[in-house]
Amino acid sequence: MTQLGEPVPETVRQIRADLTGILQNHGFEVVDANSVVTGRDFLIKIWEIITTVLIGIAIVHDEMRPGTLANIFYELGLMQAYGKETLVIKTSNAVVPSDLIRTEYVVYGPAFETNLLRFLHSLQERASYYAQVAHLLENNPLLAIDYLRRSYLLTGEEELKETARRFYLEAGLDARARNSVETLLASF
Amino acid sequence: MAETKKKPDVVQVRNPRTGKYVKIDRSEGKILAHKKSEGPYKNVPIARKPGGIGSYSG
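Sequence lines, in order, name chains A and B. Sequential numbering of the first sequence, starting at 1296, is according to the numbering used here. Sequential numbering of the second sequence, starting at 750, is according to the numbering used here.
Incorrect hints may appear among the rest.
As the list claims (entries may be wrong) - When the alpha-carbon atoms are kept at most 30 Å apart in a straight line, the in silico DSBU-like pairs for lysine-lysine are as follows:
hint, chain 1, residue 1, chain 2, residue 2
1, B, Lys798, A, Lys1456
2, B, Lys769, A, Lys1456
3, A, Lys1385, B, Lys769
4, A, Lys1456, B, Lys791
5, A, Lys1340, A, Lys1379
As the list claims (entries may be wrong) - A short, non-exhaustive set of chain B residues, derived as facing chain A with CB atoms under 8 Å:
hint, residue
6, Asn764
7, Arg775
8, Gly778
9, Gly788
As the list claims (entries may be wrong) - Pairwise CB distance ranges, derived in the manner of DEER restraints:
hint, chain 1, residue 1, chain 2, residue 2, range
10, A, Ser1417, B, Ser786, 18 to 28 Å
11, B, Pro789, A, Asp1357, 39 to 49 Å
12, A, Gly1362, B, Lys791, 49 to 59 Å
13, A, Ile1339, B, Val793, 39 to 49 Å
14, B, Lys798, A, Phe1323, 19 to 29 Å
15, B, Pro789, A, Gly1362, 40 to 50 Å
16, A, Gln1309, B, Pro794, 41 to 51 Å
No wet-lab data here; the hints were simulated from the structure. These figures come from a predicted structure and were not determined experimentally. We put the CB at the ideal spot given by N, CA and C, even for glycine.
The shape of chain B in the complex, shown without the other chains (with noise of 0.2 Å):
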């Protein structure tokens, strides 16, 4: 029987004092990897901005 994995859950945000984007895997909670050049991660969503501090809701 195949085996079946559940997709990560893996979004980017861009850092403000870097400028850097970087890569998160939301189902692990970890931090994957920090860009090194400019612009983003092709295929990987931009995590939206939340409403106000402390109120991101997903």
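Chain A with its partners taken away, still in its complex shape (with noise of 0.2 Å):
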């Protein structure tokens, strides 16, 4: 998430450059709003993509545009909302709105690098957490099935989708019109 449109400042090119190969050279696959064409509404697709990937990442920059910032911290938002992993990577002079000073980032500069694979690495440890916590939660079907979703989302382990099918079934949920709260939230 960050500024697509011309004038991209440089900064935010050397960032989305860096950042880019780092991902890729750990196996993820990056995608933002230009690499996905559907020929439909543009908010439609980020609502999409935003359902659809793992971990969603802010790029700020202190001459961004207030617009341009707006949409920014709209999607991360969103993220936040789902449940989804977040981080904010920014300039130094880049300010951060008060309601996101809780949401991770790291500064664009010489530690870099080092800072963002210690956030990927953090994935792994918040993934075995949720695991766990939905061990803990089995006697609450819906909210246990959550935080399998959250692991799933971190790892992409079959072995929670099959999980979250047990809790499902245990709990009787399977009567449920295919379409209700319960059924959506175990076919993930």
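The two chains are supplied separately, each in an independent frame; assemble them into the complex guided by the hints.
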């Protein structure tokens, strides 16, 4: 999530290039609004990307226009509302809104790669935590399934889907309608 | 006749995102509290780590 329309500040180009290289070296596929062409409504495309990606990374720069920053933080907030992991990469002078003060950020500078890798490694630890909490909450199947989904979003482990399915069946939720909240939650 | 209450099955785990401990009631399937200060809750067992993702056995 960053400024894609011209004129893109040179630093943002550099951050994107460095970020893409690091992520691809670690097996991630990098997706932004320009990577997908749907021929349909642009905002719907943004929503679709947001719901399908594992992690949202926002790049903010102190020279970005207020409208661009508003779009970036809207998308970041939407990702957080979906329980997705997020990270802000900012230049040293860029200001993050106070509502996002608890959102992790990495300053683009000499330690950029080290800090980014630290974040990526922490995701594995978070995935394990989410899976552990899911099992501890097994007597509350919907909450447990939500934690399994969070872990799955970070790892793609098929076993997590199977566990969610088991929780769903054991709770007798399979009698619910196919479009019920319970069924939709368990069918990640 | 005295009423017997089932002892709650409460454990705690450390949230790696915040670094703080979270107290969970397993029998109710509820998150009870998030610790504000550092360190674990007193007299609450720490749930052991699963062997791998999705393989926690209780």
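Status of each hint after checking the structure:
For the hint pairing lysine 798 (chain B) with lysine 1456 (chain A), the CA-to-CA distance comes to about 20 Å; that is within 30 Å, so the pair holds. Taking the CA atoms of lysine 769 (chain B) and lysine 1456 (chain A), the gap is about 28 Å. The hint holds against a cut of 30 Å. Annotation: proposed proximity of lysine 1385 (chain A) to lysine 769 (chain B) holds, straight-line Cα distance about 26 Å (limit 30 Å). Taking the CA atoms of lysine 1456 (chain A) and lysine 791 (chain B), the gap is near 35 Å; set against the 30 Å cutoff, the hint is violated.
Restraint check: the Cα-Cα separation between lysine 1340 (chain A) and lysine 1379 (chain A) comes to about 17 Å, which is no more than 30 Å; the hinted pair holds. For asparagine 764 (chain B), the shortest C-beta to C-beta distance to chain A is roughly 6 Å, which falls under 8 Å, so the interface hint holds. Taking 8 Å as the C-beta cut-off, the interface hint given for arginine 775 (chain B) holds, the closest approach to chain A being about 5 Å. At about 3 Å, the closest approach between the beta carbon of glycine 778 (chain B) and any beta carbon in chain A falls short of 8 Å, and the interface hint on this residue holds.
Because the smallest distance between the Cβ of glycine 788 (chain B) and any Cβ of chain A comes to about 17 Å, over 8 Å, the interface hint for this residue is violated. Against the hinted window of 18 to 28 Å, the Cβ-Cβ separation of serine 1417 (chain A) and serine 786 (chain B) comes to about 22 Å, which satisfies the hint. Checked against the hint of 39 to 49 Å, the pair proline 789 (chain B) and aspartate 1357 (chain A) passes, with Cβ atoms roughly 41 Å apart. The supplied range of 49 to 59 Å is met by glycine 1362 (chain A) and lysine 791 (chain B), whose beta-carbon atoms lie about 51 Å from each other.
Distance hint check for isoleucine 1339 (chain A) and valine 793 (chain B): the Cβ-Cβ separation is about 46 Å, which falls inside the suggested range of 39 to 49 Å. In this structure, lysine 798 (chain B) and phenylalanine 1323 (chain A) meet the distance hint of 19 to 29 Å, their C-beta atoms being roughly 26 Å apart. In this structure the supplied range 40 to 50 Å holds for proline 789 (chain B) paired with glycine 1362 (chain A), their Cβ-Cβ distance being about 46 Å. Evaluation of the 41 to 51 Å hint for glutamine 1309 (chain A) and proline 794 (chain B) yields a pass: the beta carbon distance comes to about 49 Å.
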